[in-house]
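Protein chains: 2
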Amino acid sequence: MWVGNAREAVDFYVAAFGATVLHRVGEGDDLVVQLAVGEAAFWVAPASAALKRLDPRALGGATSRTLLVVDDPDAVSAQAVRAGATETAPVADEHGWRVGRIVDPFGHEWEIGRPLGDCSSG
Amino acid sequence: MWVGNAREAVDFYVAAFGATVLHRVGEGDDLVVQLAVGEAAFWVAPASAALKRLDPRALGGATSRTLLVVDDPDAVSAQAVRAGATETAPVADEHGWRVGRIVDPFGHEWEIGRPLGDCSSG
Numbered sequence: 435m436w437v438g439n440a441r442e443a444v445d446f447y448v449a450a451f452g453a454t455v456l457h458r459v460g461e462g463d464d465l466v467v468q469l470a471v472g473e474a475a476f477w478v479a480p481a482s483a484a485l486k487r488l489d490p491r492a493l494g495g496a497t498s499r500t501l502l503v504v505d506d507p508d509a510v511s512a513q514a515v516r517a518g519a520t521e522t523a524p525v526a527d528e529h530g531w532r533v534g535r536i537v538d539p540f541g542h543e544w545e546i547g548r549p550l551g552d553c554s555s556g
Numbered sequence: 435m436w437v438g439n440a441r442e443a444v445d446f447y448v449a450a451f452g453a454t455v456l457h458r459v460g461e462g463d464d465l466v467v468q469l470a471v472g473e474a475a476f477w478v479a480p481a482s483a484a485l486k487r488l489d490p491r492a493l494g495g496a497t498s499r500t501l502l503v504v505d506d507p508d509a510v511s512a513q514a515v516r517a518g519a520t521e522t523a524p525v526a527d528e529h530g531w532r533v534g535r536i537v538d539p540f541g542h543e544w545e546i547g548r549p550l551g552d553c554s555s556g
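Protein sequence lines, in the order shown, are assigned to chains A and B.
According to our numbering, the first sequence is numbered sequentially starting from 435.
According to our numbering, the second sequence is numbered sequentially starting from 435.
These are calculated hints, taken from the structure and not from any lab test.
Backbone N, C-alpha and C define an ideal beta-carbon position, used for all residues, glycine too.
Some clues are possibly wrong.
Stated by the list, open to error - List of simulated lysine to aspartate or glutamate pairs, DMTMM-like, C-alpha gap at most 25 Å:
id, chain 1, residue 1, chain 2, residue 2
1, B, Lys-486, A, Glu-461
2, B, Lys-486, B, Asp-464
3, B, Lys-486, A, Asp-489
4, A, Lys-486, B, Glu-528
Claimed, not checked - Per label pair, the in silico range of CB-to-CB distance:
id, chain 1, residue 1, chain 2, residue 2, range
5, A, Glu-528, B, Pro-524, 40 to 48 Å
6, A, Gly-452, B, Glu-521, 22 to 30 Å
7, B, Gly-460, A, Asp-463, 37 to 45 Å
8, B, Gly-460, A, Ala-492, 29 to 37 Å
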């Protein structure tokens with residue numbers, strides 16, 4: 435996902451989601467980082483108008499929302515809010531999921547949840 | 435991901451990626467559809483300025499890019515182009531991956547690839 439400040443965003447995702455850094459290449463405006471949260475992996479890289487990589491914080495919205503499946507959505511959502519995210523929907527039971535939504539400080543919206551009835555804690 | 439026309443987008447992803455429909459709820463501006471491509475699943479729903487769900491086709495860019503891991507990136511990329519996508523990077527060997535990029539008719543950019551050296555065809 436494209437962000438206004440990749441270095442700060444990586445620090446946020448580590449603090450908010452307990453993400454681990456899988457790859458880190460380049461510096462500053464060329465910094466590209468791959469992060470993992472459990473089995474999920476995603477990349478963070480700088481927004482660039484020239485490359486049509488739009489900054490959702492600047493736009494006040496994003497063109498997609500990311501579903502992050504975790505064992506404990508309540509804990510991860512609370513941790514993300516403590517790290518600076520804004521809760522847009524509290525974690526609740528909905529359509530067979532335990533799920534809530536946040537917007538992170540870089541403008542990306544996340545749905546954080548797990549299917550109900552799945553007691554694995556891999 | 436948010437799209438200008440969810441019904442058309444679903445038809446496109448089925449034709450382009452061989453996606454299957456897992457869930458389909460609502461109609462028209464309320465249509466929400468979950469699609470699967472192999473082990474990957476994603477949702478398509480209408481863009482809405484009021485809900486800050488931005489339309490990447492209208493913006494001429496997106497706030498993220500999606501990596502789609504498939505067994506045969508060359509075939510899937512070619513199928514997507516035949517279905518109406520625009521190739522932005524031809525499929526090639528790069529950083530240990532066989533990978534290319536397309537922008538779909540709804541403004542979302544996809545990276546389509548697989549790790550090299552992985553010969554599974556599950």
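Results of checking the hints against the structure:
Note on Lys-486 (chain B) and Glu-461 (chain A): the hinted pairing is violated, with a Cα-Cα distance of about 31 Å set against a maximum of 25 Å. For the given pair, Lys-486 (chain B) sits about 15 Å from Asp-464 (chain B) by alpha-carbon distance, which is consistent with the 25 Å threshold. As the CA atoms of Lys-486 (chain B) and Asp-489 (chain A) are separated by approximately 13 Å, the hinted pair is consistent with the 25 Å bound. The straight-line distance between the Cα atoms of Lys-486 (chain A) and Glu-528 (chain B) is roughly 22 Å, inside the 25 Å bound, and the hint therefore holds.
At about 42 Å, the beta-carbon gap between Glu-528 (chain A) and Pro-524 (chain B) stays in the expected band of 40 to 48 Å. Checking the proposed 22 to 30 Å range against Gly-452 (chain A) and Glu-521 (chain B) shows it is violated: the Cβ atoms sit about 37 Å from each other. For the hinted restraint 37 to 45 Å between Gly-460 (chain B) and Asp-463 (chain A), the CB-CB distance of approximately 41 Å keeps it satisfied. Remark: the range hint 29 to 37 Å for Gly-460 (chain B) to Ala-492 (chain A) is upheld by a beta-carbon distance near 31 Å.
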